[in-house]
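Residue numbers (the numbering used here), protein chains in the order written: chain U, 7 to 360; chain P, 108 to 452.
Heads up, a few of these hints could be off.
Stated by the list, open to error - Below, a list of computed lysine-lysine pairs in the BS3-like style, where the Cα atoms sit at most 30 Å apart:
| no. | chain 1 | residue 1 | chain 2 | residue 2 |
| --- | --- | --- | --- | --- |
| 1 | P | Lys361 | U | Lys107 |
| 2 | P | Lys361 | P | Lys446 |
| 3 | P | Lys348 | U | Lys19 |
| 4 | U | Lys107 | U | Lys44 |
| 5 | P | Lys233 | P | Lys446 |
| 6 | P | Lys348 | U | Lys30 |
| 7 | U | Lys127 | P | Lys364 |
| 8 | P | Lys361 | U | Lys30 |
| 9 | U | Lys107 | U | Lys19 |
| 10 | U | Lys30 | U | Lys19 |
| 11 | P | Lys348 | U | Lys107 |
| 12 | U | Lys19 | U | Lys243 |
| 13 | P | Lys348 | U | Lys127 |
| 14 | P | Lys364 | P | Lys348 |
| 15 | P | Lys446 | U | Lys127 |
| 16 | U | Lys19 | P | Lys361 |
| 17 | U | Lys103 | P | Lys364 |
| 18 | U | Lys107 | P | Lys364 |
| 19 | P | Lys361 | U | Lys127 |
| 20 | U | Lys103 | P | Lys361 |
| 21 | U | Lys44 | P | Lys348 |
| 22 | U | Lys103 | P | Lys348 |
Note that these hints are calculated values from the structure, not bench results. Remember, it's a predicted structure, so these values are computed and weren't measured experimentally.
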Amino acid sequence: MKSNNVNPIPKVKISNLSKIFGDKPQDMLLHVRNGMSKADLLANHGHVLGLQDINVDIQAGEITVVMGLSGSGKSTLIRHLNRLIEPTSGEIVIDGKDVMKMSMADLNSLRQNKMSMVFQKFALFPHHTVLQNIALPLQVRGMAETEREQEAENWLERVGLTGFGGHYPHQLSGGMQQRVGLARALASNSDIMLMDEAFSSLDPLIRTDMQDLLLELQKELRKTIVFITHDLDEALKLSDHLVILNNGAVVQQGEPQSILMNPSDSYIEAFISDINRARVLRVRSVMTPLNEGEVYAGDVYADDNLESLIALSEGDTEHSYRVLDNDVAVGQIDMGTLVRALVPRVWDKNNPIL
Amino acid sequence: MAFYDGMFNFFGLRDWCNENTSDVPMSMSELLAKTRGESVTASAEGFPFPSLDNLNKACSNMPRTRELTAGVEDAFLNIKDSLKVVLDPITQPLSWFLDGALYAFTSTPWFILIPILILCAWYVSKSLSVTLLVAFSFLSFSFIDHLNVAIQTLSIVFVCTTICVLFGVPIGILMSRSNALQRVTIPILDLLQTLPSFVYLIPLIFLFSVTESKLYGIAIILYAIVPVIRLTNLGIRLVDKDVIEAANAFGMSKQQKLFGVEIPLALPNIMAGINQTIMMSLSMVVIASLVSAPGLGVLVLRGIRNLELGVGLIAGLGIVLLAVVLDRTSKGALIRINKSHHQDK
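Work out the full structure, taking the sequences as your base and the hints as a guide.
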């Protein structure tokens, strides 16, 4: 799933996107461009800076995770993609078309055909059955009832809720409701799926289930997913591309492993300081080039995490291992490198990677 | 003489005041006093409020309070004719509906009408107890020969409620869309709701002939339409914002949202409004018997006018029974809708 090779045209390109909440956002934009901070803008002008000069490229078939604490503007950002919130300035180009310039009719067609959304609070229609809820995107498009319910039935099965089609949402548990929410988004058969803190309101075990379900579906469907979360473990598990927001601005973005290895500032450092690095870091991120004539204790895969390597070595720090990717040797890793990788990185001002 | 003489003198208005003085008595008490040979002196109270009447005593050129009410009346009578030209044709269908419904309901024989009413109650409430209550009530009305009057009342309530819903729900929807409209509408609704029900009748009596059924129809509709408007507005405003956002995110059009999401989710509130509207039109139809609305109210009125205690009381209890029937039936529908909604969040 690592597709960091050459990506010619992004599926969604967000350029210079800014959003200011208040009565006179355009006037305030000037202040922000001149460097006024979020706090000053609120104190002196009573306007809230939602997003500030966001530039993100979202590649087709990848999961782009936008992470930040509450109030960082991540939910605002995702709502700009389908224009549930109107921007103050900037552009969002999806497949070559600027969403910001679309008429209401074009926008509705975009929302019906190209984008679907999964919500934190599920937002199912309480007066519709599960099956009718899943069939909603097809109903909006005007598909005939028998046809759309058949289609919905397929998705119901894919999310593991066979037999619940006739229930009402309130009769299901939170996790099951979000499966319905996911099935509803999938049923629209759109390329892009927006997931706004989709799993945040579920309890941890069910959340893990849902993440696995999403990854499994994604392996096959290859949707362009924009996923919002405040949970770093979730972000690292799901993301191909990670965007970290703070106070409405992008702090760092890139491949999650590289962010972990090279945090760009103290905010990110604080963020990643208390995660289990051994579980999150993968061999690929810490391996060194192959050394001629080295003797290897065994083979590991590039996508294995360091925790599994520690288990393999049974705690012996002497060995080094050959790293395979698709059965081709791509590098080696010795236990010394591994242990060094587990030391939390401190942001190095003189050597910023990004 | 009068208490405020000095004030008018002080401002040099004496000449203006005395312009067209006449000694013609202006009120009944003055006339009586004059015939008795007493002179009207300033009343014993030392410091009267400077009201129009008291000022008039000192200065006969000041208008009197009576002229205010007379002015309102004149103003109304002046616009009456032009108002009638506009209102008469617009409201004419109401007379037809009311007369038609009265005719249809009262000319149906009891052995057809009562089963129909029972079936309606069953269809609306799907509740056995409510259906039995309806059957019992109408059989009792027939047994004491009150079926005809009860049915007259019922048919008026039926027509007026239908019209209230036809106009009230769309008005409520428009109100929920626009805060500006809501700001304008709410004072009007407050006025309609607090205006004593008798007061509705006064201008209407001037506008329409008492023989026209739309006279009481309009009074009932104005009085009873308020709750259905209010609760439709409230119901739609209370629809979960997350659900509306989901509807937007999947590209639903305005109509799809209105008929597929907002109205169904507001339905429990709208039904509560309709229930209130039914009850209010029932209470108004009794008062409207003063202006020739037929039905149980006429018997109550007869009880009061002729001191026929039994007639008035039986009719009054009949109204209570009818109210219970209407309330239980419409609440039955409300409960049924609530069950199928189950908004447990």
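Against the structure, the hints:
Between P:Lys361 and U:Lys107, the direct Cα distance comes to roughly 20 Å. Compliance with the 30 Å bound is thereby established for this hinted pair. About 27 Å separates the Cα atoms of P:Lys361 and P:Lys446, which keeps this hinted pair within 30 Å; it holds. Distance hint between P:Lys348 and U:Lys19 is fulfilled; the C-alpha atoms sit about 29 Å from each other, no more than 30 Å. For the suggested pair U:Lys107 and U:Lys44, the alpha carbons sit about 27 Å apart, so the restraint of at most 30 Å is met.
Proximity of P:Lys233 to P:Lys446 is assessed by CA-CA distance (about 12 Å); at most 30 Å being required, the pair is judged to hold. Under the criterion of a C-alpha separation no larger than 30 Å, the hint pairing P:Lys348 with U:Lys30 is consistent with the structure, at around 25 Å. About 19 Å separates the Cα atoms of U:Lys127 and P:Lys364, which keeps this hinted pair within 30 Å; it holds. Taking the CA atoms of P:Lys361 and U:Lys30, the gap is about 28 Å. The hint holds against a cut of 30 Å.
For the suggested pair U:Lys107 and U:Lys19, the alpha carbons sit about 14 Å apart, so the restraint of at most 30 Å is met. Note on U:Lys30 and U:Lys19: the hinted pairing holds, with a Cα-Cα distance of about 26 Å set against a maximum of 30 Å. Of the pairs offered as hints, the one joining P:Lys348 and U:Lys107 holds, with about 26 Å between alpha carbons and a cut-off of 30 Å not exceeded. As the CA atoms of U:Lys19 and U:Lys243 are separated by approximately 24 Å, the hinted pair is consistent with the 30 Å bound.
Proximity of P:Lys348 to U:Lys127 is assessed by CA-CA distance (about 11 Å); at most 30 Å being required, the pair is judged to hold. Taking the CA atoms of P:Lys364 and P:Lys348, the gap is about 12 Å. The hint holds against a cut of 30 Å. The hinted pair formed by P:Lys446 and U:Lys127 meets the criterion: a straight-line CA distance of about 22 Å does not exceed 30 Å. The suggested pairing of U:Lys19 with P:Lys361 holds, with an alpha-carbon distance near 29 Å, which does not exceed 30 Å.
With a C-alpha separation of about 26 Å, the suggested pair U:Lys103 and P:Lys364 falls inside the 30 Å cut-off, and the hint holds. For the proposed pair U:Lys107 and P:Lys364, the alpha carbon gap of about 24 Å is at most 30 Å, so the pair holds. About 23 Å separates the Cα atoms of P:Lys361 and U:Lys127, which keeps this hinted pair within 30 Å; it holds. This hinted pair checks out: U:Lys103 and P:Lys361 have alpha carbons roughly 24 Å apart, not beyond 30 Å.
For the proposed pair U:Lys44 and P:Lys348, the alpha carbon gap of about 27 Å is at most 30 Å, so the pair holds. Among the hinted pairs, U:Lys103 with P:Lys348 is consistent with the structure: their alpha-carbon atoms are about 29 Å apart, no more than 30 Å.
Figure legend: structure checked against the earlier numbered hints; every hint is met.
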